[in-house]
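The task is simple: from the sequences and hints, build the whole structure.
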Amino acid sequence: GAVVSQHPSRVICKSGTSVKIECRSLDFQATTMFWYRQFPKQSLMLMATSNEGSKATYEQGVEKDKFLINHASLTLSTLTVTSAHPEDSSFYICSAEALQGVYGYTFGSGTRLTVV
Amino acid sequence: GEDVEQSLFLSVREGDSSVINCTYTDSSSTYLYWYKQEPGAGLQLLTYIFSNMDMKQDQRLTVLLNKKDKHLSLRIADTQTGDSAIYFCAEVGGSQGNLIFGKGTKLSVKP
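Protein sequences appear in the order of chains F and H. Every number in the numbering used here is 414 more than the matching position in the first sequence, counting from 1. Every number in the numbering used here is 71 more than the matching position in the second sequence, counting from 1.
Straight line, CA to CA, 25 Å or less: simulated PhoX-like cross-link-like pairs of lysine-lysine: (1) LYS455(F) with LYS181(H); (2) LYS107(H) with LYS455(F); (3) LYS177(H) with LYS127(H); (4) LYS107(H) with LYS174(H); (5) LYS177(H) with LYS455(F).
What the hints contain is simulated information worked out from the structure, not anything from laboratory work.
Below, the structure is given as structure tokens:
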């Protein structure tokens, strides 16, 4: 079945630094990738949608200059949290959508970001 | 806008059946999904149902869909301690074709 690899699984960084999270589709091509954020005991909220070769579409309230998304190929999307602050600490999960079929909504294992 | 609602907690005894309920708002959703999330982990697709189906069974899992009432349920037969997790109901409804999730139901299975 479709597999999405996301790493790192955990990262601790100092306030003010940047962190890059990678999301790869391993056995299928992902035309669209979604980045979600999950606050403790809450559901997943869509942050942005990235399409290969074009600019990401950000949801209202998500700072595009803070959460940089790059979708350079059909198998890789990256989310960079720039100038991280403690309030950016959260669980980030990517989801990749395949060209066809219900495998579109395959999720990575998530990244726990802690900013100290 | 689209909204997905589900109860937050469910506690059952090992061996019993668990039923997790969900209501959604977007009647045009083609697929509805159930995901499982274990602590600190990503989401695992458990099952999905196409909107023209009323029921889908997959081993211990049974999904029931009532399109008229926009109600979806997940039944887990013979619930085991390993089934303890948070279960998310989701529909395809976002402006970007993304999933809209409920807040998740935390299933606790007691021995």
